[in-house]
Structures are given as C-alpha cells and as structure tokens.
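Top line first, the protein sequences correspond to chains P and D. Residues in the first sequence are numbered consecutively from 1, following the working numbering. Residues in the second sequence are numbered consecutively from 1, following the working numbering.
Derived by calculation from the structure, the hints in this document are not laboratory data. By construction, the Cβ of each residue, glycine as well, lies at the ideal position given by its N, Cα and C atoms. Some hints here could point you the wrong way.
[Said to hold, decoys possible] Here are the computed lysine-lysine pairs in the DSS-like style, where the Cα-Cα straight-line distance is at most 27 Å:
hint, chain 1, residue 1, chain 2, residue 2
1, P, Lys278, P, Lys295
2, P, Lys270, D, Lys42
3, P, Lys269, D, Lys67
4, P, Lys269, D, Lys42
5, D, Lys216, P, Lys358
6, P, Lys278, D, Lys42
7, P, Lys358, D, Lys145
8, P, Lys270, D, Lys67
[As the list claims (entries may be wrong)] Derived Cβ-Cβ restraints for the label pairs, each shown as a range:
hint, chain 1, residue 1, chain 2, residue 2, range
9, P, Gln352, D, Arg207, 18 to 26 Å
10, P, Glu301, D, Ala30, 19 to 27 Å
11, P, Lys358, D, Gly12, 19 to 27 Å
Each chain, written out:
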Amino acid sequence: MPREPIKLPQRVESLSVLAADGRIDADLEPALDPADLRRLYRTMLASRRLDERALALQRQGRLGTYGPSRGQEAASLGVAYALGKDDWLVPTFRETAGLLWRGWPMQTWLLYWGGFEAGNVPPAGVHDLPIAVPIASQCQYGMGVAWGCKLRGEGRVCATFCGDGGTSEGDFHEALNFAGVYNLPLVTVIQNNHWAISIPRSRQTASQTLAQKALAYGMDGVQVDGNDILAMIVATREAVEKARTGGGPTLIEAVTYRMSMHTTADDPKKYRTEDEVKAWEPRDPLLRFRAYLHKKGLLDESTAGALDAEIAAEIDQAVRQYEQYRQDPAEFLRHMYAELTPELQAQQAELQAYLERKHAPTPAPVP
Amino acid sequence: MFDFKLPDLGEGVHEGQIVHVLVKEGDALAEYQPMLEIETDKAAVEIPSPKAGTVAKIHVQAGQTVKVGHVLITIDDSAVGVGPPPKAAVQPAAAPTAAPARPAATVLTSSAVAPPPVRAAAPPVPPSAPPAKDGPVPAAPAVRKLARERGVDISAVPGSGPGGRILREDVERFSAGEQVARTATAGPVLPPAGGELPDFSQYGPVRREPVPQIRKTIARQMTRAWLNVPRVTHGDVADVTDLERNRQNFNAALEPGQAKLTITAIVTKAVAVALRDFPVLNCSFDAATEEVVYKDYVHLGIAVDTPRGLVVPVLRDADKKSLPQIAADLHAIAEKARTVKFEIADLRGATFSITNVGALGGKFFTPMVNFPEVGILGLGRAKLEPAVYEGHVVPRMMLPLALSFDHRVVDGAVAARFVSAVIRSLENPLRLISLA
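Assemble the whole structure, with the sequences as input and the hints as a guide.
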C-alpha cells in the first residue's frame, strides 16, 4: 500500500520564444514567411492605434463605454494567425488584434462599441462569433462550436478566449469539463492580464498557474508569454494541430498585462500602482515585435513611418463610416429571436408608436 | 464654431471637475489633442479635441464642476488647413439630408452630442422646428411593467424622481387614485371583452379612430359593472304635479344669484334622506371577504353628460344639506364637470348615484349600477299624463323612476320600499321640507 505521486499523462509547460530583452530561442523560433511577419506587425500596430482612437472617441462622447486591449495584442493575434481560415474564433472584447487579422473591418468593430447590432456581424467567410462581454460565456460558446465541428467531422478547430477572472466562473469549468470528456477540438486561451477589473490575479485563485487547471479536465496546459507573439503562434499551432488530428482540447494561459483601464468606466489608479504598470512597459508586445523585425531587417524607420500614416488614414476612414452609419431604432429588438415574443412585439409596437409620434427624424443640433 | 460639451464619460457619471485646462484661447488645436483634464467620481480623464481648429473660447476654469452637456470649449473649426486635410472627396454622396445628421453613436452614449464630422452637410434647421420636448417617458422597465399591469397610462403619471423620472411609487399612487376615481366614474382594467372583430371593410368603407381616455375609462368601468353586478331594475312613477307647481313658484320668487331648484336637486334630497333609512342601498359588497361595507356618509354621484362623455362628480354629505344648498352645489359641480375643471378627488367616494335623462326624453331605462356602489336611481322625463286622481282621469305631471340595484345585497322588496319612500317625499313636498 505505498504512497506515491500520481503520474498524469497530461503536461503543463511554460513557453517563451522571444525574450523581453530581444534574445531569441533559435530552436523554438517559428519559420514564418517574412510577408506574414510584416502583416502581423501591421495588424498589431493597427490594433494598438485603433484602441487608442477608440479611447479618445469615448472621451469625446462619440463611442460607448470601451474596454481597451492595450498590451494584450500579441495574445489574440498569435492565436488568430495559427488558426486556419475555416476554423472558428470565439472572442471576448479584448481580442481586437485577432479580429483584425481574421478580417473584421475596423468600422464593424467600432459599430460594436457604438452599440449597433451591425457590429455583431462577422464579415462574409469569417467563422467567428461576435464579441461577447459576459465573463467566461465565451468558453461555453466555444465548446459548443467545437462540439459541432467534431460531430460534423469537418476537421475544423475552435479557439476561444476568457480572462483570468473568467477562470473562476462556473462556465469555465463546465466548458472545459465537456471539452475534456468529449475530446473536442477546442483551444481555450486565458488572457491572464493580471486584473479582473480591480481583483488582482493573486486574489483570483490559489493555483500557482492558470495553465495547471488543464490537468483537472484531462487536457494539456501551457503557460505562454502572452506578450511574445512568436510564443503565442508556436503554442497555438501545436494546440490547433493536435485538436485537428483528434488529440483533443488544450488550455493556453497567455501571461500578459492590461496596460490600460478595465473599461472607460473605471480608474485603475484606485487599485493598482503606477510602478506595477511601469514594470510591464518594457515587455510591451509591440515594442518587442518591432525590435525583432528590425533585427531581421524586415522593418526600418521609413517603412514604420509610412505604416503609421497608412493606419491613421485607415482609422479615420473607419471612424467616418461608423459615424455615418444609421440604424432604424426599431431594429434593436429584431435580433434576439427568429420570431419576436409577444412581450417584445408589444415593446416594438410601443417604440414604433413613440417614433411615429415623435414624427420623423430629429434635425441636427446646430452648435 | 463648434461648442464642445462635456460628454457622458462613463456609466452613470453626470458631472466632473475640471482639473487642468491644457489649451489657451487662440491656440491652434489638432484633432485628438488633449484639451482638458477632468476628474469624475470614477476617474481622472484627458479629453481629446474632436476637431482641428483654433481655441475660440474657454468657458471653464480649473476647479470648476461641470455637468454633462455643459459647454467647455468653443473651437473655431472654420479654417481649413489646420490639422488633417478635409476629406471632402471621400464623404459619401449620401450625406444625410432628412436623416439625423449627428453621428448616431452619440445618441447612444450621451446627451451631449459630439457634432458630426460632416456638419457642413447638415441641413439647416428651420426655426419652426424646435427640438421636440416630448421625449420618451422617463421610467425604468420594471416601472413600465407595473403600469401596464395596473392599466395605467404611464405617460399620464407625474414623475417625482430625478429629472421627472417616474418611480414605482408614482405609479402606485397614481393607480390608487385612479382606482378610487374609477369607482366613481369608471373601473379598473379588464381585458378587452368581445375578442376579435370581423373585417367590416368587406361590407363597406370604415374608419378607425382611437378613443380618448375618458371613453376607455367608461368602457372599462361599464364592462366591470356589467360583469360584476347581478342587476335588477325596479320601475315606478311619482306624481310630481304639486311638487312641480311648488318648484315653479319657488323659482319665480328667487332673488338674483340664487340657484334654481331643479327636479334633480329635489330628487337628490329625497334620495339622500331615504338612504339614511336604507343603509343597504348605501353600501358596497366585498365579494372577496363576503362582507358588506356600510358607509356612515351619503355621497351622491351625479351623472353629468359632458361633451367628452359621461362624468360622475360627487355631491358630498347630500343628506346633511338643505335643498337650496344642494341646488347650488349641483349647479357648481355640473358646471365644473362640463368645463373639465374637475379634479380626480371630485369624482371619488360616491355611495349611490343618480342619473337624470329626463331633459332628453325617455321614460324607463335600466341604469348601470356604478360599481362598487349598489344602487343608482334613474329619472325619466316628467310629463303630463292622464292619471286617475281622486276618482277622475285628469292630467297629472308624472315622473318615471328606475332604480337599478345589485341583487347580491339588495333584494327586490327592499328596493321597492326604497323607491316608495322616495316617491312619498316627492308627492308630499311638506314631508320633504320636514325631512330637511
């Protein structure tokens, strides 16, 4: 009757390819097409600039409450890159870079944050679910999609996201448990940005890592430097390949940091120190990736400058399109059910009557 | 010129304090250049300029508290060439004309509206079109639901919350008021009876008109009375020949300003006095508890035909008032009802009602008991009829009376005795006087 450690078939590893100081692990460095590398950088930069613009627009009253993704670009971008075009991506609201890579137009993304239903519509041919804010709900959606992929035998894979806070939700447990039991082609990515609004990672769970939670569900877990785009690509590629070939689900913990506020409705200065934020600045995924491309000779100052101007113009254009978008206010009830429930019908009639009473369009205020 | 107003900075933030003003009047301003730092109870935030231009006027200073919508800075954005070049070429031709020209997103985020980037294309606002004041009724969904459940038109409820918001208590208070009012005029809601109507247009042209509130109220109350009250009508005729002669004489001798004595006033007095002897006609039946609620007061509802429809104002303590007083009061409340100057309180609390259609003709009819009252006396037209009087057929002034009553509490014999008592008063003016 001996007492001995239990040997688990699953592994929990940590992975880093491109260190914050620019050193690279040559054995692990993925062989990526230079054109892809440039596109990845461009997408990451566009995501950063769009994020900054969205924040400004919210401050000006031109956008709704906004949750910035500054500092977390690599985590979603690496995952999106490693997915095939026919695979699925089920995002939370901090996967901007990944969505841009997948082909979501900036104006669609802006429409989402402006509160328009049209912001939920993925572009044609993109197999993504719309942005979902409710914590860890994405885990369930993603698991369901993966299950569907498996039942259909399509050889497609689903990647989904949640935050470190999301791992404390029942949804996370249920989704991962199902994924494990049914051996689903699912890659669950935890964006561990260290803060669940004002709750620090240390108060979220007593687990040493979030990746180790994988063991409980009978799947492999990997803790990846989430600010290292190359490591994210390597980890996700392996997980996607395994899922596609029937190897089942993987849990990826992307260790990153939320450089900005949770959303525009809170002030991080009230619960975390400036020093903590500063300590993460050198680990910024964009800086790190830029240095890597410089070193590889794929990016120089002049191309970087041109890129900046190009992206700024692209964002200007998207903002204009967003601000010119009009929607029939009665539309907003039409998307929850295929057929409106009697209650919604009554509400729609009430709204319609009000709009008619209020007669046609309100003229623009003249400042 | 563009007035930058404090936008809605986050969930539930209505005001902020200016921490720093980062620009000076006359400064050139680039789009997205920080202009102000503002601290709200949620966060200190930098406000970037939505426009390129020049700072024309700064309306605020550090330390000042500003509310959402407050004009902070006026930007002169007329000069071209400052900041990003105008992108007129890429403006879609479909710049809104009839459509609202402001970015729709601002409608969602803020009442302080950031201007559209294509403001030049905005249609001029005709001075005759001020912003519509009738915004949506401010009430939370739960409050709206409560109003629907109670059959209360939420737009009629006065709001006591911030900014006139309608609170749960407002609906409850209003609803309670309406309930009482309805017991005088109309009734609480029942689902519309009768179900779907056929398509009448197959038989000929039709038009539909929404009914005014008063008609809705009457319809509900009548349906309620019809469904709840097992009604019987007892008919009789009073010989008011002598009374009428006396009445004419009385009125002829009135001093200017005194209210004329009417048949209604006299019947009101007679009924009020009779009700003291017949408390069972001055009660309500509580079906839930199977109790009779006797009322130690006599407030008479007087049905008044108004241009808008039937209204039943209440004459209070009719049994304690003299005949001239009743005549004066009736005149006043009928006038109030016709000119729509009555208040809800004027329609509340009747214990029994009187309705006189005599002026319009008619003999017998079946008045509708004004639930939850249990009796209503209807007067037909008093006219000369051949009658047997002291053994001879002679013309007499006859007043038809129709008492409808709730047979759950009032039996036919009681009703007959009650009407007889009223008739005795009417046929014997001296008795009427002695009762006062």
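Going back to the hint list, which numbers does this structure go against? No hint contradicted; all consistent.
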